[in-house]
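Chains A and B are the protein sequences, given in the same order. FYI, in the numbering used here the residues of the first sequence are 1 to 200. FYI, in the numbering used here the residues of the second sequence are 1001 to 1582.
If you're looking for bench data, these hints aren't it; they were derived computationally from the structure. All values derive from a computational prediction rather than experimental measurement. Careful: at least some of the hints might be erroneous.
What the hints assert, rightly or not - Away from chain B, derived, C-beta distances all over 12 Å, residues of chain A: (1) V13; (2) R84; (3) H87; (4) L94; (5) A136; (6) G142; (7) R167; (8) E176; (9) R177; (10) R191.
To be verified - In silico DSS-like cross-links for lysine-lysine, where the CA-CA straight-line distance does not exceed 30 Å: (11) K1293/B with K1123/B; (12) K1172/B with K60/A; (13) K168/A with K1172/B.
Unchecked claim - Reference listing, derived: stretches of chain B covered by chain A, where coverage requires no fewer than 3 residues with Cβ under 8 Å from a Cβ of chain A: (14) 1272-1286; (15) 1383-1397.
Idealized CB from N, CA, C, for every residue including glycine.
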Amino acid sequence: MSSATTSIMMAGVGGQGIILASEVLCHALMHAGLDVKKSEVHGMAQRGGSVRTDVRFGDKIYAPLISAGAADILVAFEQLEALRYLHFLRPDGLVLVSAECIAPLTVLTGPHPYPESIPDRVAESGAAVQLVDAPAIAERAGNVRTAGIALMGALSNHIAVPAAAWRKAILSLVPERFRDVNLDAFRRGRRAKPRGLNAP
Amino acid sequence: MRFLSGNEAIARGAYEAGVKLAAAYPGTPSTEILEALATYDGIHAQWSPNEKVALDVAFGAALGGVRAMAAMKHVGLNVAADSLFTISYTGSTAGLVVISADDPAMHSSQNEQDNRHYARAAKVPMLEPADSQEAKDFVLEAFRISEEFDTPVLLRTTTRISHGKSVVRLGKPVSAAPRHFERDTRKYVMIPGHARPRHVVVEERLERLREFSNRSPLNRVEMGDPSIGIIAAGVAYQYARDARPDAWLLRLGMSYPLPDELIRDFASRVKRLYVIEELDPFLETEIAAMGIKVRGKPPAMQLGELDAGAVAAALGGRSPRTQPVADLPGRPPVLCPGCPHSGVFHVLRKLKAVVAGDIGCYTLSVLPPLECMDTCVCMGASVGHASGLERAFAVAGDERPVVAALGDSTFVHAGITPLIDVVYNQGCTTVIILDNRTTAMTGRQNHPATGRTARGEETHELDLEALCRACGVDDVAVADPYDLGALEQTLKRAISARHPSVVITRRECVLLTRGARRIPARVIEDACVACGLCLSLGCPALGGTPTGPKGRLKPVVAVELCAGCGLCAQICRHEAIVMERI
């Protein structure tokens, strides 16, 4: 990142663990000595709705929200949500997209088809795309619900935060009995070779 | 150092300020303030039935000599406004702070009101923090102001402050010894003869507060390029700073009363003066009324939230504006798989009922595919709406059945008085209390009818059936919303009765019973005729695939989502969905 402030948007579906994953990211950044701001929207439905979290970090952060065309990285926990929030990415930004697809009710009940070849469509916009098979990584770690932390592992390769800060964040935020599986999911996500479309 | 949301920071601030009592009713984006406060020892934190009760209790505590706080969302202050306007006259023995959490862009609200107007209307000071650190620090300052000036203080946040998180440096709790309550009827009993002289005190107090505002470090000038000067408060300050790091900036931490001299001085030093604010042109109007030439925002920016890009554009700059991808399938909020409300609305649609709705998860039944709600205005309004609709239909000769539908928490909040009205004025309204044993939409908070406190401790459980009977409703029925046949019979009978009736549909919110073992629904392929009736339930665990005759949709059960409620199996007319193990 060239600018003093980095903006990361996370998008997905309620119930996917986006809030916890973004919390881990923010704590890792704070442990690395950076100023961090996060903004999230909750309320309305508890499950199944579109969820977005904005994270901005650097030496000194003012605005908590990312403007359209200003995100450096978009982390999509679900493919359709990658398309929905794509306009927040800067033109040469990076998209990390999970392989997971969750059909919204508008698709489930018939009227709309779920869009096809989403990663290719995202790449056509000019963005660098990395497809991360987060659910499979999480399953190998031993719990499919750690997919969000696996994505943070993949994200950790793109931001300069020491591994110890990530570890400290996970240890402080995840309940004790889930610590090992989350640490494992993070490591596996960090080591995984994502499928790249457009070289970053 | 802690990474806290604005709401968590407010709770921490209250703890550091030595608050002894806090009361609230849950409402996005304010809910987490009381949830966080309930985790501190030494503070009595309570959910009240509504915001007015919360404020009255907090006022009583402050009157009794301990620092107290009431927290609510913007529309909650409408409910509590009656008390606020007179508490402004009385003041209190110890500090009293009222939190108003506004929701620009209506992420989870029915309107987009700007509660800065309440500060002016009730003649009380208002502070506006711009991040979590200030949210904590300003609570302490608000208590100091409250006690120095003998006034309740409004502390206003917006969604981005409440639910935004940033790094907070913690402080040590101050010791606030209880003060002694002195009987003073001329100050605390607001009969007209006592209130008139108190109004004079309030006006004098406002002048002293204006002086305070002029010299308080809450309002500060950040020097820069004098060709552009910006006045901003709250989160708008952050957007302005991001958009124009070079500009002169007057940062207002106190947005009422305004520091008039400071503003005049600032205006005289800059070439062009802008005001950047979310929602209404509140500062702009006040500053223009001082005779200062000021540029506000374009009228379109009175709608919704700001961001740095929009602010840069308003200040005459350019920002990269990209377009969203068109024609994507929406992902609207949905009722959870197994939600007990789904079946109730399915039956009401079948009965072709006009449904006066209310505020809660069930408001989502207005969206496809349920599409079964006709009004939704504010907490508890459904009962009055149904009563009025019914009388109008009688005049108009409209035969459609009318019901009011509201949740258990909403009923306790503001549904009891209109139910009394129905009985007293000899109406025959049917009220459906969708009792899922919690305040579900804001994240499952307790209320008087759950029998649990804010800390989850056992307490007296309000008996809704007995309460309705005490209001004068003799016809009170309890129905299981998972038994559609019996529910339909109960509702039909209640609706056709010529007297007031209450039907309580009672099943725990599925999010309260997660982890229970369930048998998921199973589709019998050969029996399914792809009629699509089950899909009209709007269950997220039931997807359609075009494998039926002529490409019609056949249901597929997402086994990991299915709550095993059996509603789809009951709706199916072809016995093509079963609830049994394979």
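Hint by hint, here is what the structure shows:
Separation of V13/A from chain B is inadequate, the least Cβ-Cβ distance of about 7 Å not exceeding the 12 Å criterion. Chain B draws R84/A into its interface by the beta-carbon criterion, the shortest separation being 6 Å against a cut-off of 12 Å. Against chain B, the non-interface label of H87/A is violated: not every CB pair exceeds 12 Å, the least being about 4 Å. No Cβ of chain B approaches the Cβ of L94/A within 12 Å, the least distance being about 15 Å, so the stated non-interface status holds.
For A136/A, the shortest C-beta to C-beta distance to chain B comes to about 16 Å, beyond the 12 Å cut-off, and the non-interface label holds. Against chain B, the non-interface label of G142/A holds: every CB pair exceeds 12 Å, the least being about 17 Å. No beta-carbon of chain B is positioned within 12 Å of the beta-carbon of R167/A; the least distance is around 16 Å. The claim that E176/A lies off the interface holds: its Cβ sits roughly 18 Å from the closest Cβ of chain B, which is beyond the 12 Å cut-off.
Consistency note on R177/A: stated as away from chain B, and its beta-carbon is indeed over 12 Å from all of that chain's, at 14 Å minimum. Residue-level check passed: R191/A sits 27 Å from the nearest beta carbon of chain B, beyond 12 Å. The straight-line distance between the Cα atoms of K1293/B and K1123/B is roughly 25 Å, inside the 30 Å bound, and the hint therefore holds. Proximity of K1172/B to K60/A is assessed by CA-CA distance (about 25 Å); at most 30 Å being required, the pair is judged to hold.
Only pairs whose Cα atoms come within 30 Å are accepted, and K168/A paired with K1172/B is accepted, the gap being roughly 25 Å. Evaluation of the coverage hint for the stretch 1272-1286 of chain B: breached, as 0 residues show C-beta separations to chain A shorter than 8 Å, against a requirement of three. Coverage of the stretch 1383-1397 of chain B by chain A is violated. Counting CB-CB distances below 8 Å, 0 residues qualify, and the rule asks for three or more.
The structure fails to meet hints 1, 2, 3, 14 and 15 from the earlier list, while all remaining hints are met.
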